[in-house]
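S.K.: Sequence:
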Amino acid sequence: MDIQQTITNAIASAFQALFDHSVDPDSLSLQATRKEFEGTYTFVMFPFLKITKSSPEASGEKIGAYLQENLSVVSSFNVVKGFLNISLSDTYWLDLFQQLATIEGHGKFPPKNRKVMVEYSSPNTNKPLHLGHLRNNFLGFAVARILEAYGYEVIKSNLVNDRGIHICKSMVAYEKLGNGETPESSGLKGDHLVGKYYVLFDQEYKKQVKELTLSGMEQEAAKKTAPWMKEAQEMLVRWEAGDQTTIDLWKKLNGWVYQGFEETYRKMGVDFDQYYYESDTYLLGKDIVAEGLNKGVFFKKENGSVWADLSDEGLDEKLVLRADGTSVYMTQDMGTADLKYKDHRIEKSVYVVGNEQDYHFEVLFKILRKLGRPYGNGLYHLSYGMVDLPSGKMKSREGTVVDADDLMAEMVATAREHTQELGKIEGFSHEEAEALYQILALGALKYFLLKVDPKKRMLFNPQESIEFQGNTGPFIQYTHARISAILRKAAQIDLDYSPNQFQAYKQLEKTEQSLVFLLADYENKIALAAEELSPAVITQYLFDLAKEYNRFYAELPIFSETKAEVQAFRVGLSAQVAKTIKSGMGLLGIDVPQKM
RNA sequence: GGUCCUGUAGCUCAACUGGAUAGAGCAACUGCCUUCUAAGCAGUAGGUUUCAGGUUCGAGUCCUGACAGGAUCACCA
Numbered sequence: 003m004d005i006q007q008t009i010t011n012a013i014a015s016a017f018q019a020l021f022d023h024s025v026d027p028d029s030l031s032l033q034a035t036r037k038e039f040e041g042t043y044t045f046v047m048f049p050f051l052k053i054t055k056s057s058p059e060a061s062g063e064k065i066g067a068y069l070q071e072n073l074s075v076v077s078s079f080n081v082v083k084g085f086l087n088i089s090l091s092d093t094y095w096l097d098l099f100q101q102l103a104t105i106e107g108h109g110k111f112p113p114k115n116r117k118v119m120v121e122y123s124s125p126n127t128n129k130p131l132h133l134g135h136l137r138n139n140f141l142g143f144a145v146a147r148i149l150e151a152y153g154y155e156v157i158k159s160n161l162v163n164d165r166g167i168h169i170c171k172s173m174v175a176y177e178k179l180g181n182g183e184t185p186e187s188s189g190l191k192g193d194h195l196v197g198k199y200y201v202l203f204d205q206e207y208k209k210q211v212k213e214l215t216l217s218g219m220e221q222e223a224a225k226k227t228a229p230w231m232k233e234a235q236e237m238l239v240r241w242e243a244g245d246q247t248t249i250d251l252w253k254k255l256n257g258w259v260y261q262g263f264e265e266t267y268r269k270m271g272v273d274f275d276q277y278y279y280e281s282d283t284y285l286l287g288k289d290i291v292a293e294g295l296n297k298g299v300f301f302k303k304e305n306g307s308v309w310a311d312l313s314d315e316g317l318d319e320k321l322v323l324r325a326d327g328t329s330v331y332m333t334q335d336m337g338t339a340d341l342k343y344k345d346h347r348i349e350k351s352v353y354v355v356g357n358e359q360d361y362h363f364e365v366l367f368k369i370l371r372k373l374g375r376p377y378g379n380g381l382y383h384l385s386y387g388m389v390d391l392p393s394g395k396m397k398s399r400e401g402t403v404v405d406a407d408d409l410m411a412e413m414v415a416t417a418r419e420h421t422q423e424l425g426k427i428e429g430f431s432h433e434e435a436e437a438l439y440q441i442l443a444l445g446a447l448k449y450f451l452l453k454v455d456p457k458k459r460m461l462f463n464p465q466e467s468i469e470f471q472g473n474t475g476p477f478i479q480y481t482h483a484r485i486s487a488i489l490r491k492a493a494q495i496d497l498d499y500s501p502n503q504f505q506a507y508k509q510l511e512k513t514e515q516s517l518v519f520l521l522a523d524y525e526n527k528i529a530l531a532a533e534e535l536s537p538a539v540i541t542q543y544l545f546d547l548a549k550e551y552n553r554f555y556a557e558l559p560i561f562s563e564t565k566a567e568v569q570a571f572r573v574g575l576s577a578q579v580a581k582t583i584k585s586g587m588g589l590l591g592i593d594v595p596q597k598m
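Residue 109 in this note's numbering sits at position 107 of the first sequence, and the numbers go up by one each step.
Among these hints, one or two may not hold up.
Ranges between beta-carbon positions, derived for each pair [claimed, not checked]:
hint	residue 1	residue 2	range
1	Leu461	Ser56	51 to 57 Å
2	Glu423	Glu236	55 to 61 Å
3	Asn552	Gly374	19 to 25 Å
4	Ala292	Ile5	55 to 61 Å
5	Asp92	Gly374	56 to 62 Å
6	Tyr382	Asp282	43 to 49 Å
7	Ala34	Asn72	18 to 24 Å
8	Ala34	Glu534	16 to 22 Å
9	Lys253	Lys232	19 to 25 Å
10	Arg490	Phe39	34 to 40 Å
11	Glu177	Asp326	26 to 32 Å
12	Gln7	Tyr382	48 to 54 Å
13	Lys114	Gly374	22 to 28 Å
In silico BS3-like pairs for lysine-lysine, Cα to Cα no more than 25 Å straight-line [unchecked claim]:
hint	residue 1	residue 2
14	Lys372	Lys117
15	Lys581	Lys114
16	Lys512	Lys549
Because the hints were derived from the structure by calculation, they are not lab data. Every value quoted in this text rests on a predicted model; they were computed, and no experiment measured them. The beta-carbon is built from N, C-alpha and C at its ideal position, and this holds for glycine as well.
Make the full structure from the sequences, and use the hints.
M.R.: Set out below in C-alpha cells:
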C-alpha cells in the first residue's frame, strides 16, 4: 500500500475515533506541501468543518495529533490556517529510497498485454520535412515510448501520403523542367530535389493563373483551366489507370523522397514498426460504406452520394462517398482504421495529427463508434498546435518554412560553437566531440518542442535560436554529466554505495528528502503522461528533478563528508537521480552524455 | 455566422485537475569557482491570471456573457 493511502486511511479512522463520523478513505486526498511550508503532504481541513464542528486550526491539530500518535511514519505536523502539513520520518525516507535503489527497472510498468498503435509523421512525398513535422515526430515517438513504459505493447506506424494531385504537381514540373536531374547529378537530397519541383510547379501555375485572369477570365475558372493544373489532373487519372510511364516516374521520384526521409528520420532518432501507404489504402473503405448503409448509419442522397448524419451528436452531415462512387478522405480513413485493427488487433489507437484536423477526427471516431467497431472506444486524436514563426504561419509552397534538415544542422553548429566557447572538450577525441554536439543539439531541439503542452500552438524564433541554459534539454543533460563525474570518482576510490552501506544515516537534509520524494514520484508521472498523452508532463518532472539535484549538489558535500554512511547515501542518491534522468530523457527520445 | 481550441510577468512556459502569499526559465540587476563540472547555485526586481458578472468556506481553474487570436465548417487530402 502506498504512503498516501496509508495516511488517508489513518485520517478516516481519525474522523471515526475523534468525531464518530465515518468517511470513505478513497474520498480523501492529499496534496504535496508547498515548498515554503514544513512538511511533505498536506490535508485540507475546510471541507470537513461540518464534521469536526470546530475551527480549521483546532480540527487540524486534533487530526494531526491522532496521526502522529497512531502512524509511525508521521514524525511531526503543523497547521497553518486550515492546512494540515504532515512530515514523515527519516526512517520512512531511507526505507523508501532503499526500495527505489533496489528495484530493477524503476520506471517500467508490468505488461498490460494490450496493444496500442501510435500513428505519426505521415508525410507527403512531394516535399521535405519541416519544423511542424519535427513537433509531430518528436511527439509521436515520445508518446510511443511513454505508453511502452506504461506497459502497453506499442506499434509505431507511419501512413505515407504518397499519391494524389499534390504528388502529381511535382511530377509534372519535373517532367517539364527536370532534364533528367537526379539527386546524384544535383547533389541534392532526394526529398529536397522533389520539393524543388513542387515549388517550381506552384510558381509556374501562379503565373498561368495570373495571365488568364489578365485576359479576362474569372479567378476560379482560371485556377481550373491553367495548363499545368490540367496536366496534373490528367496525370492523376493516368496514375489511377495504372499507366506504366506515369507509375515509373512516380516510383522514381518517390524513391528519392524515401531515401531523403530515411536520412532525416535517422538524424531525428525516430523510427516505425509499420508503414502504410496511401497508394495502397486509398480505395479501402467502400465496403464499410455499404455496411453503414445496411446498418442505417449512412444514407444515400438522390444523386447517389452517401452521407453520415451526425446531427443527433451535435454535428452536421458528412460525405463518405461521392456521387460517382469514388472515395473521399473519410472513406479511406475508415478503411485504414479497419486495416490497422485487422493487422494488429489493437485496442487503442493514437493519431498524432495537427489540430486543423480536429473536426475530421471527431467525425471519423463518431462514425466508427456508430458502426460498432470493437476498437471504437480506444481512438484518440493527439491534436497538437501549429508551430508559428514570428512572421506568421509556415507555407511550403511559398518557401517560408524552416526545413527540418537545415534546422538540425544549425543546432549542431550552435552546440559546437557554444561548447567550444565554454572550453569543455578537453580530452575529447574529434569523434567524441562531434557525437556530443549531436546529443546536445537534438536534446535542445526535442526538449524545446516537447516541453509545451501539445495542444497549444507555439512560437519558434529562428533568430533567437534555442537556448542551452535554464529550462532546456542541455540543462538536464548537464545534470546527468555532473553525476556521471561523481560516479566515476566513486568507482575510482572503490566506494560502496549499496543500500546496506547507509543504514546508519539519520537526519536527512531537506533537499535529500525532496529528491527521494521526486524519485518516488517518477512512476506517477509516467502514468499521468501516458493517460494524458503528454510528454510535457515528463519534461516538467525532469526539470524539477534536475533543479532539485543541482541545489543538493551546491549545498551538500559528498567526498569531503567524513561519515561513511552519509557519503554512501549521497552517492547512491546521485546514482539514482542519474538513472531516472536517463530513463526519463529516454522516454522523450533524448540521449544523455557522460561528460559535457 | 455555427462549432472547437487558446488567452497567466517584457518574452517562452508551469500551476498536482477547486486550495495557502499564482511558480520556473529567458532578458535586467547583485553575489558565489583554491573543495565532487559555474551549461550551475543563491538572491533582487517584475502580476488587477484579457474584461464583466455568477456558483462557495475558497476560482487562473467551474458556469454565463463580452473581447482578442487561431483552426474548422469542400462531391480537396
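S.K.: Any hints this thing doesn't respect? Which numbers, in order?
M.R.: Hints 3, 6, 12 not satisfied by this model.
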